[in-house]
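Chains A and B supply the protein sequences, listed in that same order. Each residue of the first sequence is one higher than the one before, starting from 1 at the first, in this note's numbering. Each residue of the second sequence is one higher than the one before, starting from 1 at the first, in this note's numbering.
Don't take every hint at face value.
Unchecked claim - Listed below are the simulated DMTMM-like cross-link pairs for lysine to aspartate or glutamate, each with C-alpha atoms no more than 20 Å apart in a straight line:
(1) B:LYS256 <-> A:GLU20
(2) A:LYS24 <-> B:GLU203
(3) A:LYS55 <-> B:GLU41
(4) B:LYS55 <-> A:ASP48
(5) A:LYS8 <-> B:GLU252
(6) B:LYS55 <-> A:GLU41
(7) B:LYS24 <-> A:GLU47
(8) A:LYS24 <-> B:GLU252
(9) A:LYS8 <-> B:GLU203
(10) B:LYS256 <-> B:GLU203
(11) A:LYS256 <-> B:GLU25
(12) B:LYS24 <-> A:GLU63
(13) B:LYS55 <-> A:ASP6
(14) B:LYS9 <-> A:GLU252
(15) A:LYS8 <-> A:GLU20
(16) A:LYS55 <-> B:GLU51
(17) B:LYS256 <-> A:ASP6
(18) A:LYS55 <-> B:GLU47
Claimed, not checked - Between beta-carbon pairs, the in silico distance windows are:
(19) B:GLU291 <-> A:ALA58: 19 to 29 Å
(20) A:PRO251 <-> B:PRO314: 31 to 41 Å
(21) B:ALA18 <-> A:ARG362: 45 to 55 Å
(22) B:ARG292 <-> A:PRO75: 27 to 37 Å
(23) B:TYR184 <-> A:ARG227: 30 to 40 Å
(24) B:ARG188 <-> A:PRO363: 42 to 52 Å
(25) A:PRO251 <-> B:ALA333: 58 to 68 Å
(26) B:LYS342 <-> A:TYR296: 56 to 66 Å
(27) A:ALA58 <-> B:ALA333: 50 to 60 Å
(28) A:GLU20 <-> B:THR183: 40 to 50 Å
(29) A:THR94 <-> B:ALA333: 47 to 57 Å
What the hints contain is simulated information worked out from the structure, not anything from laboratory work. For glycine and all other residues, C-beta sits at the position ideal for the given N, C-alpha and C.
Number of protein chains: 2
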Amino acid sequence: MVAPADVKKWITHMQPPAVERMLKEAATENVISFAGGLPAETLFPTEDLNEALQKVIAEHASEALQYYWAEGYAPLREQIAQRMSARGMPTKPTEVLVTHGAQQALDLIAKLLIRAGDTVVLESPTYVPAIQAFEMHRPAFEPLTRNEHGIDLQQLRDVLSRSRPRLLYVVPTGHNPTGVSLTYPQRRELLELLQQSDAYVVEDDAYGELQYGARQTPLRALAPEFRQHFFVGSFSKILSPGLRVGWIAAPEALIKELILIKQASDLQTSTLTQLVLSNYMSSTSLNRHVERCIDYYRERRDCVLASCERHLPPSLRWTRPDSGFSVWMELAADISAGSLLKKALNNGVAFEPGEPFFVSQRPLNYVRVSFSNLECEQIEDGIQRLAGLLSAS
Amino acid sequence: MVAPADVKKWITHMQPPAVERMLKEAATENVISFAGGLPAETLFPTEDLNEALQKVIAEHASEALQYYWAEGYAPLREQIAQRMSARGMPTKPTEVLVTHGAQQALDLIAKLLIRAGDTVVLESPTYVPAIQAFEMHRPAFEPLTRNEHGIDLQQLRDVLSRSRPRLLYVVPTGHNPTGVSLTYPQRRELLELLQQSDAYVVEDDAYGELQYGARQTPLRALAPEFRQHFFVGSFSKILSPGLRVGWIAAPEALIKELILIKQASDLQTSTLTQLVLSNYMSSTSLNRHVERCIDYYRERRDCVLASCERHLPPSLRWTRPDSGFSVWMELAADISAGSLLKKALNNGVAFEPGEPFFVSQRPLNYVRVSFSNLECEQIEDGIQRLAGLLSAS
Numbered sequence: 001m002v003a004p005a006d007v008k009k010w011i012t013h014m015q016p017p018a019v020e021r022m023l024k025e026a027a028t029e030n031v032i033s034f035a036g037g038l039p040a041e042t043l044f045p046t047e048d049l050n051e052a053l054q055k056v057i058a059e060h061a062s063e064a065l066q067y068y069w070a071e072g073y074a075p076l077r078e079q080i081a082q083r084m085s086a087r088g089m090p091t092k093p094t095e096v097l098v099t100h101g102a103q104q105a106l107d108l109i110a111k112l113l114i115r116a117g118d119t120v121v122l123e124s125p126t127y128v129p130a131i132q133a134f135e136m137h138r139p140a141f142e143p144l145t146r147n148e149h150g151i152d153l154q155q156l157r158d159v160l161s162r163s164r165p166r167l168l169y170v171v172p173t174g175h176n177p178t179g180v181s182l183t184y185p186q187r188r189e190l191l192e193l194l195q196q197s198d199a200y201v202v203e204d205d206a207y208g209e210l211q212y213g214a215r216q217t218p219l220r221a222l223a224p225e226f227r228q229h230f231f232v233g234s235f236s237k238i239l240s241p242g243l244r245v246g247w248i249a250a251p252e253a254l255i256k257e258l259i260l261i262k263q264a265s266d267l268q269t270s271t272l273t274q275l276v277l278s279n280y281m282s283s284t285s286l287n288r289h290v291e292r293c294i295d296y297y298r299e300r301r302d303c304v305l306a307s308c309e310r311h312l313p314p315s316l317r318w319t320r321p322d323s324g325f326s327v328w329m330e331l332a333a334d335i336s337a338g339s340l341l342k343k344a345l346n347n348g349v350a351f352e353p354g355e356p357f358f359v360s361q362r363p364l365n366y367v368r369v370s371f372s373n374l375e376c377e378q379i380e381d382g383i384q385r386l387a388g389l390l391s392a393s
Numbered sequence: 001m002v003a004p005a006d007v008k009k010w011i012t013h014m015q016p017p018a019v020e021r022m023l024k025e026a027a028t029e030n031v032i033s034f035a036g037g038l039p040a041e042t043l044f045p046t047e048d049l050n051e052a053l054q055k056v057i058a059e060h061a062s063e064a065l066q067y068y069w070a071e072g073y074a075p076l077r078e079q080i081a082q083r084m085s086a087r088g089m090p091t092k093p094t095e096v097l098v099t100h101g102a103q104q105a106l107d108l109i110a111k112l113l114i115r116a117g118d119t120v121v122l123e124s125p126t127y128v129p130a131i132q133a134f135e136m137h138r139p140a141f142e143p144l145t146r147n148e149h150g151i152d153l154q155q156l157r158d159v160l161s162r163s164r165p166r167l168l169y170v171v172p173t174g175h176n177p178t179g180v181s182l183t184y185p186q187r188r189e190l191l192e193l194l195q196q197s198d199a200y201v202v203e204d205d206a207y208g209e210l211q212y213g214a215r216q217t218p219l220r221a222l223a224p225e226f227r228q229h230f231f232v233g234s235f236s237k238i239l240s241p242g243l244r245v246g247w248i249a250a251p252e253a254l255i256k257e258l259i260l261i262k263q264a265s266d267l268q269t270s271t272l273t274q275l276v277l278s279n280y281m282s283s284t285s286l287n288r289h290v291e292r293c294i295d296y297y298r299e300r301r302d303c304v305l306a307s308c309e310r311h312l313p314p315s316l317r318w319t320r321p322d323s324g325f326s327v328w329m330e331l332a333a334d335i336s337a338g339s340l341l342k343k344a345l346n347n348g349v350a351f352e353p354g355e356p357f358f359v360s361q362r363p364l365n366y367v368r369v370s371f372s373n374l375e376c377e378q379i380e381d382g383i384q385r386l387a388g389l390l391s392a393s
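From just these sequences and the hints, can you work out the full model?
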């Protein structure tokens with residue numbers, strides 16, 4: 001019997017099994033968890049979604065429970081296109097493909113673009129499941145150092161001068177894990193470099209609508225004429241991840257190719273969840289809901305920063321997120337986040353060790369601290385416990 | 001700019017764009033459509049599903065709208081395992097992965113098993129989107145002739161003697177498009193051959209619960225100790241395709257690998273649809289619903305066969321489905337199904353030209369006639385119109 005692929009050999013960016021196990025246990029226990037980075041359940045607009053569900057079942061049950069075309073529910077494509085256009089990114093419904101969450105968007109784009117050995121440029125650190133989606137196609141990764149100051153664009157210049165990357169994956173707004181967005185000049189410069197290359201850019205905008213200060217403009221809005229551009233959007237952070245609805249916006253010719261790939265991958269996104277979402281959006285103001293989310297998460301962002309300043313040794317470095325769900329923390333060089341996690345769990349606190357977020361040269365002394373699903377008292381308590389552990393170690 | 005993949009070059013099994021367009025238009029018009037092969041909307045248990053939805057929103061909204069683990073909602077994995085066990089396939093919940101429909105099950109298995117150039121053995125004709133899921137990984141296909149008499153097992157012996165196939169994809173029950181299941185001796189012989197090889201077998205059981213006569217035993221039940229076996233199940237045909245819930249049952253070690261691939265592909269299947277399904281199954285008898293479905297589709301199967309015998313020239317050959325949604329018809333050798341479709345649409349009838357169902361040597365004179373979503377009067381009317389066109393051509 002030929003062994004199947006040992007998947008761990010080609011999906012290498014993940015928490016070690018022991019850490020994975022600890023985090024999974026922590027999720028079910030009475031632990032203050034800075035891990036996960038889940039949206040706050042208290043924000044889910046249960047009543048409005050329930051109304052939408054009622055309406056779908058009462059008026060569109062046959063349609064909602066039946067097969068639909070691979071490209072997505074026509075009214076929803078229209079609504080997504082309108083939403084994008086209202087955000088300064090003129091988009092036609094035929095330039096939109098509805099996906100089973102933003103993660104599937106990345107998988108479909110990877111299937112379209114990446115052949116084994118192709119160069120893929122990533123920020124490092126970056127969103128772990130994105131690395132995994134690309135890893136399945138066995139590319140060569142080129143990391144660009146990413147921190148609170150943005151992307152190291154000199155590294156990008158170097159990469160472009162010595163190779164022809166197939167794609168650049170970037171999270172310009174609400175970068176995960178740092179929570180720090182690229183500035184306007186960085187966006188302009190990034191786009192200029194890319195437009196001179198033949199690389200595709202994948203702009204992951206999962207947190208793009210959850211900005212806590214001055215709003216940054218999406219890359220797609222800055223360069224609407226740029227054809228090598230995939231914009232990935234998601235309803236997971238602004239509405240509900242359990243629905244699993246995201247989308248890709250790209251030139252129609254690319255969307256047409258992606259529709260074929262989508263069909264071969266899972267035929268279509270759930271008709272029921274698409275209809276619920278579409279009905280929700282036509283009967284309620286999603287924008288008003290997003291405003292509530294921004295206020296909610298901004299408050300927690302402020303709490304976590306205040307707690308960090310109060311309790312953590314000033315020698316530590318951490319980011320000041322302008323978007324997103326988490327703070328990225330650099331511990332002293334000799335502290336391993338994995339060992340710290342073990343102690344933290346004994347003290348009722350969990351967080352995400354930062355190692356898998358790095359594309360290469362994976363330092364062990366980084367930590368992602370998500371604040372999105374906690375109350376300020378829990379945040380204060382949890383940071384205080386962490387500080388105690390750090391000063392004891 | 002490097003062009004992205006021209007997807008049509010590696011997903012080659014599909015209707016030509018012109019046929020695709022005709023069928024898509026036909027779906028929205030006042031046409032008797034034997035195309036599509038959709039489950040009958042009238043069977044959707046809307047009331048029971050609505051009750052389940054109510055319950056989920058009233059009691060589990062936070063959970064249903066939140067992220068969940070990649071392997072699938074724990075109670076649903078349990079229910080699927082119990083259902084499989086009750087069908088003579090003892091299965092543990094840890095041997096089940098919940099997927100976004102059976103199509104995603106095929107995609108995940110393909111990602112795990114197929115490297116470019118690997119040999120994949122398929123029945124020919126077979127279910128088109130399965131061919132597409134495999135095509136994305138650029139294998140070499142070996143077709144096994146499939147017709148109303150089953151699979152040509154001598155061809156399989158030949159293939160196994162001269163190559164080491166990576167996997168065999170087979171639809172033993174309710175084979176799509178023929179609707180004809182493998183007999184018990186054929187199943188036994190197929191399994192014996194496979195057990196002597198090192199190929200994996202993917203058993204697609206999408207129609208396995210919709211058998212209209214004597215029940216055939218799934219391969220998994222005949223060889224429970226066989227480790228190179230993936231069983232693919234689906235709720236699409238017995239309940240609702242719009243939910244997009246299917247599953248893979250396989251040895252736990254393989255499921256563990258598939259969970260990693262699932263996470264990299266779309267994180268998880270919609271929590272909402274999984275909870276709705278799970279609640280539906282615990283408050284209602286899905287088995288009783290399946291019995292209703294069997295009666296309903298059997299009646300239509302009988303109608304289509306009676307209409308064919310009444311109206312079609314006896315020189316034509318067509319299958320007698322014991323399961324599934326369609327009859328497979330061989331036209332005279334000089335008739336192209338594509339041209340016939342054009343004329344048929346002018347006469348208010350649609351069907352699926354058979355060419356893409358063939359893995360190689362794709363004859364043009366086959367037609368798939370689906371009866372699942374039509375009333376008997378429509379079936380009679382449609383077959384009569386088709387007969388008229390055939391006798392005129």
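Do the hints match the structure? See the list:
At roughly 13 Å between alpha-carbon atoms, LYS256 (chain B) and GLU20 (chain A) fall within 20 Å of each other, so this suggested pair holds. A C-alpha spacing of about 32 Å is found between LYS24 (chain A) and GLU203 (chain B), which places the hinted pair above 20 Å, so the restraint is violated. Using a Cα cut-off of 20 Å, the hinted pair LYS55 (chain A) and GLU41 (chain B) holds, with the two alpha carbons roughly 18 Å apart. Distance check on the hinted pair: LYS55 (chain B) and ASP48 (chain A) sit about 16 Å apart at the alpha-carbon level, within 20 Å; holds.
For the proposed pair LYS8 (chain A) and GLU252 (chain B), the alpha carbon gap of about 15 Å is at most 20 Å, so the pair holds. For the hint pairing LYS55 (chain B) with GLU41 (chain A), the CA-to-CA distance comes to about 18 Å; that is within 20 Å, so the pair holds. This hinted pair does not check out: LYS24 (chain B) and GLU47 (chain A) have alpha carbons roughly 36 Å apart, beyond 20 Å. Restraint check: the Cα-Cα separation between LYS24 (chain A) and GLU252 (chain B) comes to about 19 Å, which is no more than 20 Å; the hinted pair holds.
For the suggested pair LYS8 (chain A) and GLU203 (chain B), the alpha carbons sit about 25 Å apart, so the restraint of at most 20 Å is broken. Distance check on the hinted pair: LYS256 (chain B) and GLU203 (chain B) sit about 19 Å apart at the alpha-carbon level, within 20 Å; holds. Restraint check: the Cα-Cα separation between LYS256 (chain A) and GLU25 (chain B) comes to about 18 Å, which is no more than 20 Å; the hinted pair holds. Only pairs whose Cα atoms come within 20 Å are accepted, and LYS24 (chain B) paired with GLU63 (chain A) is accepted, the gap being roughly 16 Å.
Using a Cα cut-off of 20 Å, the hinted pair LYS55 (chain B) and ASP6 (chain A) is violated, with the two alpha carbons roughly 41 Å apart. Of the pairs offered as hints, the one joining LYS9 (chain B) and GLU252 (chain A) holds, with about 18 Å between alpha carbons and a cut-off of 20 Å not exceeded. For the given pair, LYS8 (chain A) sits about 13 Å from GLU20 (chain A) by alpha-carbon distance, which is consistent with the 20 Å threshold. Among the hinted pairs, LYS55 (chain A) with GLU51 (chain B) is consistent with the structure: their alpha-carbon atoms are about 14 Å apart, no more than 20 Å.
Between LYS256 (chain B) and ASP6 (chain A), the direct Cα distance comes to roughly 10 Å. Compliance with the 20 Å bound is thereby established for this hinted pair. Straight-line distance between C-alpha atoms of LYS55 (chain A) and GLU47 (chain B) comes to about 13 Å, which keeps the hinted pair within the 20 Å bound. Judged by the Cβ atoms, the range 19 to 29 Å given for GLU291 (chain B) and ALA58 (chain A) holds: they are separated by roughly 27 Å. Separated by about 53 Å at the C-beta atoms, PRO251 (chain A) and PRO314 (chain B) break the suggested range of 31 to 41 Å.
For the pair ALA18 (chain B) and ARG362 (chain A), the supplied restraint of 45 to 55 Å holds, since their beta-carbon distance comes to about 52 Å. Checked against the hint of 27 to 37 Å, the C-beta distance between ARG292 (chain B) and PRO75 (chain A) comes to roughly 32 Å, which is consistent with it. Remark: the range hint 30 to 40 Å for TYR184 (chain B) to ARG227 (chain A) is contradicted by a beta-carbon distance near 57 Å. In this structure the supplied range 42 to 52 Å is violated for ARG188 (chain B) paired with PRO363 (chain A), their Cβ-Cβ distance being about 57 Å.
With their beta carbons about 43 Å apart, PRO251 (chain A) and ALA333 (chain B) fall outside the hinted range of 58 to 68 Å. For the pair LYS342 (chain B) and TYR296 (chain A), the supplied restraint of 56 to 66 Å holds, since their beta-carbon distance comes to about 57 Å. For ALA58 (chain A) and ALA333 (chain B), the Cβ-Cβ distance of about 52 Å falls inside the hinted range of 50 to 60 Å, so the restraint holds. Restraint check, GLU20 (chain A) to THR183 (chain B): a C-beta distance of roughly 46 Å satisfies the suggested window 40 to 50 Å.
Taking the beta carbon of each, THR94 (chain A) and ALA333 (chain B) are about 40 Å apart, not inside 47 to 57 Å as hinted.
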